[in-house]
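Please work from the sequences and hints to get the whole structure.
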Amino acid sequence: MELDEDELRDHFAHNPYKIEIIDDKLEDGDGSTIYRQGDWYDLCLGPHVPNTATLMHVRLTSVSTAYWRGDQDREQLVRIYGLVEPSKEALKATLARLEEAKKRDHRKLGKELRLFHVDEEVGQGLILWTPRGAVIRQELQDFISHHLRRQGYSQVFTPNIGKLDLYRTSGHFPYYQDSQYPPLVERDLMKRLSDEGCTCGELSNMMSAGDIEGYLLKPMNCPHHVKIYASQARSYRDLPLRLAEFGTVYRWEQSGEISGMTRVRGFTQDDAHLFVTEDQIAQEVLGCIELVQIIFGTLGMDDYRVRVGLRDPDSTKYVGDPARWDKAEQACRDAAESLGVAWTEEPGEAAFYGPKIDFVVKDVIGREWQLGTVQVDYNLPERFDLTYKGSDGEMHRPVMIHRAPFGSMERFVGVLIEHFAGMFPTWLSPTQVHMLTISEKHAAYAAELAADLREAGVRVQVDDSDDTIGKKLRTHRKMRPAYLLILGESEVEGRTVTYLGPDREEHKGVPFGDFKAQLLAEIADRA
RNA sequence: GCCAACGUAGCUUAGCUGGUAGAGCACCUGAUUCGUAAUCAGGAGGUCGGGGGUUCGAGUCCCCCCGUUGGCUCCA
Numbered sequence: 006m007e008l009d010e011d012e013l014r015d016h017f018a019h020n021p022y023k024i025e026i027i028d029d030k031l032e033d034g035d036g037s038t039i040y041r042q043g044d045w046y047d048l049c050l051g052p053h054v055p056n057t058a059t060l061m062h063v064r065l066t067s068v069s070t071a072y073w074r075g076d077q078d079r080e081q082l083v084r085i086y087g088l089v090e091p092s093k094e095a096l097k098a099t100l101a102r103l104e105e106a107k108k109r110d111h112r113k114l115g116k117e118l119r120l121f122h123v124d125e126e127v128g129q130g131l132i133l134w135t136p137r138g139a140v141i142r143q144e145l146q147d148f149i150s151h152h153l154r155r156q157g158y159s160q161v162f163t164p165n166i167g168k169l170d171l172y173r174t175s176g177h178f179p180y181y182q183d184s185q186y187p188p189l190v191e192r193d194l195m196k197r198l199s200d201e202g203c204t205c206g207e208l209s210n211m212m213s214a215g216d217i218e219g220y221l222l223k224p225m226n227c228p229h230h231v232k233i234y235a236s237q238a239r240s241y242r243d244l245p246l247r248l249a250e251f252g253t254v255y256r257w258e259q260s261g262e263i264s265g266m267t268r269v270r271g272f273t274q275d276d277a278h279l280f281v282t283e284d285q286i287a288q289e290v291l292g293c294i295e296l297v298q299i300i301f302g303t304l305g306m307d308d309y310r311v312r313v314g315l316r317d318p319d320s321t322k323y324v325g326d327p328a329r330w331d332k333a334e335q336a337c338r339d340a341a342e343s344l345g346v347a348w349t350e351e352p353g354e355a356a357f358y359g360p361k362i363d364f365v366v367k368d369v370i371g372r373e374w375q376l377g378t379v380q381v382d383y384n385l386p387e388r389f390d391l392t393y394k395g396s397d398g399e400m401h402r403p404v405m406i407h408r409a410p411f412g413s414m415e416r417f418v419g420v421l422i423e424h425f426a427g428m429f430p431t432w433l434s435p436t437q438v439h440m441l442t443i444s445e446k447h448a449a450y451a452a453e454l455a456a457d458l459r460e461a462g463v464r465v466q467v468d469d470s471d472d473t474i475g476k477k478l479r480t481h482r483k484m485r486p487a488y489l490l491i492l493g494e495s496e497v498e499g500r501t502v503t504y505l506g507p508d509r510e511e512h513k514g515v516p517f518g519d520f521k522a523q524l525l526a527e528i529a530d531r532a
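Throughout the first sequence, residue numbering follows our numbering, covering 6 to 532 in sequence.
Take these hints with a grain of salt, some might be off.
Stated by the list, open to error - With a Cα cut of at most 30 Å, we get these calculated DSBU-like pairs of lysine-lysine: (1) 367 with 108; (2) 113 with 476; (3) 168 with 196; (4) 168 with 394; (5) 367 with 107; (6) 97 with 113.
Honestly, the hints are just simulated from the structure, not real lab data.
Below you can see the structure in the form of C-alpha cells.
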C-alpha cells in the first residue's frame, strides 16, 4: 500500500532504523510503499510475492549479524538466513545438493586427500603444501611454464623482501600499510630508537614519513620486476619485455577473512609483468587472455564470469592521472569485448594502480573468487620513471601489464580441488596409479611394473600389504587415484593388468604394454 | 577487525544437572595369503586448544588468549 511521508513516520515511529531509512532515502514530501502480511508490515519498494502460500517450504539455515547498512562503524543487527522452495521435494533436493557441495569443500578434501596443511603454530593463513598437494602445484607450474616459453616470456627470480623506499616509490607504502605485515627494521636502528625511548606510534610515523628505513615483506612482485626492467637502457626493439616469476607475496588479511586456501596471508602468484609500447597493449592483453583461456580450457573450467574492474569515481584510493585511467579502462573494455564471452563492468573493482580484467569463479558454497587477472597499468612506469628509446630517437614511457592466469597457486588449487571434487585428471593426480596385489605372491610382479612406470615418470604407489583385495580397494578409492590396478594370478601369468580407470569402469586383462602406452599418452595430453 | 557458535587421540566423535576420559577408523604386533567398497585377535595412543580463576573436586562453571566455522567489513 502507498503511504505518504507523514504516515510512514507515524507507522515506524518506534523503530529508529526505519526512520533513518525514511530520512535518507526519501525526497521531502515523497511517499513510499509498505507491504503487509497479516498483522506484520514493513517498508519495502517491492515487488513481493503476491501470496505467501507459495512459500510454504522453508528451512532456516543460519543466523549471523551484519553491520547496519554495511558500515563497519555502525551497530550490528541480527540477520537470519533461510531457503524457500515451492515444494517439500524441492526443498529436500536443495538441502541434499548443499550437503553434496559440502563434501567437496577443499578444506575437507584437502585434509582427507592430504593435499595441504595449515598449522596454528606456523600461522593463520599460511599454507604448508604437503607432498601430494605439492605435486599438483608443480604440475600446474610446469604446465604454465611451457606456455610461457611458447609466448616469449623470460623467467626471473626476486627476493621476498625489499626496502621501504621501493614501496614508497611504487605507492604501496604507506598507503596500503593496513594490509601488509609490519615492516622489518634493522637491529641497530631498532636498538638506538629504543634507547631514545621511541614509542611504537613514533616508529610507525617515522617510517611513514620516510625518516627511517626498513624492509617490507613484498605485498606484490611488480616493484622488483620494474627494477629489472630499469636495470638497463631499453629500446623499442626490446619490447614487449615479458618478465615472469612464481612470486610469493604476503598480505595481512583480516583474521576473520582467512579461509582454507582461497583467502590466505602468504601466496604465490603465477605472476608476470609485460613492458609494452602503447601500440602493443591491445595485442599483449589479448595474449594474456588467451593464456587464461588455454588454462581454463585444459582444466574444463567453463563456469566463470569475466569482470572488467573500473575505478570507483567517488574513491580517493587510486593513484595516477585520470586521463591515463580513462585510456587504460578503455583498453580493458576493448580486450574484454574481443573475448567473445559475456562480461560486466564493475566500478570500484579496479586495482589501486589500474583497471583490470578478472576471471571470477564460485566455490562450493557460492562465494566468488577472483582467479586469473590481467591489469593495465600506466602508473607504475610513471612512478619509477621508466623509459625506452623509440624508433624516432626520443625517450618514451612504456605501459605495464600485470597478469596472473591462475591468480595465486593457493587459491587456484583450492578452487580446483572443489572443481574436480578431489578426482583430479591423470596428469594432476598426486598418485596416478595405485597397484593392489591380491596376495603376497604377486608382490614381485607389482614391484616390477611399478619400477617400469616410475622409470617413465609415472607416480605409482604399491599396496602389497596383507589386507584383502576388498579392503585395499576401499582404502585406495578414498585417495582418488586416476588408476587402481588389481594384480593377481591371471595378471601375472598373462603379463596383463586389470584396472579401474578414471571413470571407475573395470578393464580386465589388458596387456601391460597397452596400458602403459595409453596411460603415458593421457598424461602427455593433459587429458 | 566486528558478531555468534564451536575446539575431547592422526581422523570422526560419546561424555546428563561439576566426581576425576569411552568408541570407531587409522597406527603397531601376531595370525591369515584371501579376486573387486571393512579377515580375526591383541596393543599402544588423550596435560580434554592454551593460561588463569571458582570449588574438597573442572572436559563440564567464570575470565583472558589462540584457533576453526558462518556471516559482516575488507580484499593492491
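Hints versus structure:
1. 367 with 108: holds, 16 Å
2. 113 with 476: The given pair, whose Cα atoms are some 23 Å apart, holds under the 30 Å limit.
3. 168 with 196: Distance of about 19 Å is within 30 Å: holds.
4. 168 with 394: holds, 29 Å
5. 367 with 107: holds, 14 Å
6. 97 with 113: Holds, at roughly 23 Å.
In summary, this structure violates none of the numbered hints.
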